[in-house]
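Each protein sequence line maps, in turn, to chains A and B. Each residue of the first sequence is one higher than the last, beginning at 154 in our numbering. Each residue of the second sequence is one higher than the last, beginning at 154 in our numbering.
Just so you know, these hints were derived from the structure itself, not from any lab. There may be inaccurate statements among the hints.
Note that identical chains are pooled: a pair holds if it fits in a single copy or bridges any two copies.
[Unchecked claim] Here are the simulated lysine-lysine pairs, DSBU-like style, with alpha carbons at most 30 angstroms apart:
#1 K485 x K160
#2 K457 x K251
#3 K155 x K216
#4 K289 x K177
#5 K192 x K457
#6 K265 x K501
#7 K251 x K155
#8 K265 x K177
#9 K457 x K271
#10 K265 x K368
#11 K319 x K265
#12 K155 x K457
#13 K457 x K177
#14 K265 x K457
#15 K251 x K271
#16 K485 x K319
#17 K289 x K485
#18 K501 x K216
#19 K216 x K457
Please read these numbers as outputs of a predicted model, since none were measured by experiment.
Number of protein chains: 2
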Amino acid sequence: MKFSCLKSELVQAIQIAGRSIASKPQTPILSGIYLHAEKDTLEIQATDYEIGVILHVEAEVEKSGEIVVSGRYFQEVVRTLPNEEVTVQYDSSTSIIKISSGKSTFTLLSMKADDFPKIRPMQEGNRFTINSAVLKELIRRTTFACATDETRPLFMGALLELEGSKVRMVATNSHRLSFDEGSIEDEIPKLSQYVIPKRILEEIQHILSGDVPEKVEVVCTRSEMGFSVHHIYITTRLIEGKYPEYRRAIPSEFSKRVTLSTSDFLSAVSRVGLIARSSEYNTIKLMFNMGEVHIYSDNPVVGKAEETMQAVIEGEDIEIAFNASYLIDVLKTINGDTFIMEMNDSLKPALVREPDNEDFLYVITPVRTRH
Amino acid sequence: MKFSCLKSELVQAIQIAGRSIASKPQTPILSGIYLHAEKDTLEIQATDYEIGVILHVEAEVEKSGEIVVSGRYFQEVVRTLPNEEVTVQYDSSTSIIKISSGKSTFTLLSMKADDFPKIRPMQEGNRFTINSAVLKELIRRTTFACATDETRPLFMGALLELEGSKVRMVATNSHRLSFDEGSIEDEIPKLSQYVIPKRILEEIQHILSGDVPEKVEVVCTRSEMGFSVHHIYITTRLIEGKYPEYRRAIPSEFSKRVTLSTSDFLSAVSRVGLIARSSEYNTIKLMFNMGEVHIYSDNPVVGKAEETMQAVIEGEDIEIAFNASYLIDVLKTINGDTFIMEMNDSLKPALVREPDNEDFLYVITPVRTRH
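Could you put the whole structure together from the sequences, leaning on the hints where they help?
Listed below in structure tokens is the structure:
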């Protein structure tokens, strides 16, 4: 195998591939990056069995072939090469990979291509196309709400629901739930649900970080999902099991509604939350009364914090307590200058949403406090 | 106690004070920041018994007094306050400190000022004045060479040597030694030596990070040293013991001299060092020969790296091996486009210096390799 390519393109591809390598691989071969040079393309693969990625880089291939190289060293070496042109050559008689650029030459030990669990793009399954801007927004608005503890594996992922031309994403840790809806370019005849690990959604968000909207092709089966965009194909195992009926957790009627300035409320909750942070439930209390919201927290080992700001209040006065982080998380995703919080009483779930957006909603369960 | 001051000035002062608080304080009072408001000044103190700092902030003092507040929470609270004007008030009947700014109010628990080990600026000792630019350069050029392991406590600090109007700083870990010399504004009659902990030198470097040169007043006794600059006084315990005769470690005659491009050699050594990094002694080899230096490393579990660059060589060919980090560290401090390396043979210490600078030198012991 022998090929030449541009350093900048190779660095970018290996960086994405590198993130699919487990920090503690189950077997040595999984610490490697698979290289396959053929025609005018270098194919790169990496996997940790849970997620896998295939990338393509334009290359001048002098001799086709395939090999596996240490992911860690290949990344570090390529990144530091002095020139923009890189030549990679595998010598089968010595089993050594030679990387050269300018006056620098590196040789790295190799692993056998046959030992690598090669990823084959999915052929069968539910197929749809989604705009990258829509997919990114679905991920941004929901994924933060996933559970981080492993007691309920389904909650460590987000639900992707397809119905007609609608796509929905839902994430919850059972104390708060985030829901967002968008459109796809296809018509899915039957309601389909998939639970995607949080980690892969973050990875896709990272890959789609450019500003230019693109089409993302998605294929899904019950156990696996594949995403294609540019020269990148990324695949993941899905989380197995039936996601709970999330609609039941979304209240539809409220007796109180308040409208608040997003940035002012976020700043105030962040400040007051400082004192709450080391307490057991990270609790801050809100008292809505007389056109103002009084925000306060109390931590016997630290002190107290309180702040007051204006609020448009419809309905009776209410005092309610929340985990400060659950409020901060959602406030950071709100797009507009103001947002709406709807409540019933201090024990029933509240709803956070945007004034002119029916697609997004966030349910947050209050913390019970002793008065 | 009650005072008002500017948030930005208070934040800056508490940030510096906060770095003198140990992450795991020996006693609860050492987790605190001491505040003393009197006349038109707020005095702030923090210490971990090894280093201590006193800072002054302009304040409008309504009622004088002193108190100790949790360093961690005071820092976080003040940093997030909404307005530039901050009012701090201590209520002795409730033992509570109230911090207010705009519509935010925080109350923090307090600790007794009497329990705080107050720092008193040193009155007696060797006194001299040094330009902050000179002190910063001495620290920058030597401190990196200190030992990090605790087997030789003296080597965990840098030697400060005063003689006449000269000031010298020396640091070593016994495998490499860095030396730099500058001038002070005073005349010290008798050679004096002090070993200053690396941590305090880094702290001083941080405090002196501004570009405008200033006068730093220094007072030293056998066990303690104090630095004053702006409104900051910082004091440290010195490391006890007699620093070895460092001059014996500096060779004065060499049979070979090479002149190299600083940036090219630094890049090449960094690249080739990648392969050396996980080996036992982080060894890279240099072969000077025919107007070129050949840089290479070899790691049986990873691979090899090699690179060639031009060198002006005076004297016979030589092959010599070094710890790559020891070379990289010093190359990062070199000011000019080229530097000089002087050697005798592959077992004797080499010297790194700058072409037109007699004040700085760096001794580096080669690594023995089997050929």
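Quick rundown of the hints versus the structure:
1. K485 x K160: between (37 angstroms within a copy, 25 angstroms between copies)
2. K457 x K251: Classified as between: cross-chain Cα gap 9 angstroms, same-chain 63 angstroms, threshold 30 angstroms.
3. K155 x K216: within (5 angstroms within a copy, 79 angstroms between copies)
4. K289 x K177: Close inside one copy (29 angstroms), not across copies (42 angstroms); limit 30 angstroms.
5. K192 x K457: between (68 angstroms within a copy, 29 angstroms between copies)
6. K265 x K501: neither (59 angstroms within a copy, 44 angstroms between copies)
7. K251 x K155: within (9 angstroms within a copy, 70 angstroms between copies)
8. K265 x K177: within (20 angstroms within a copy, 50 angstroms between copies)
9. K457 x K271: This pair counts as between: shortest inter-copy Cα distance 28 angstroms, intra-copy 57 angstroms.
10. K265 x K368: Answer is neither: 35 angstroms inside a copy and 64 angstroms across each miss the 30 angstroms cutoff.
11. K319 x K265: neither (45 angstroms within a copy, 63 angstroms between copies)
12. K155 x K457: For K155 and K457, only the inter-copy Cα distance (18 angstroms) is at most 30 angstroms; the intra-copy one is 67 angstroms.
13. K457 x K177: between (44 angstroms within a copy, 24 angstroms between copies)
14. K265 x K457: between (62 angstroms within a copy, 19 angstroms between copies)
15. K251 x K271: within (23 angstroms within a copy, 63 angstroms between copies)
16. K485 x K319: within (25 angstroms within a copy, 56 angstroms between copies)
17. K289 x K485: within (15 angstroms within a copy, 41 angstroms between copies)
18. K501 x K216: neither (67 angstroms within a copy, 47 angstroms between copies)
19. K216 x K457: Classified as between; 23 angstroms across copies, 70 angstroms inside a copy.
When held up to the earlier numbered hints, the structure conflicts with 6, 10, 11 and 18 and fits the remainder.
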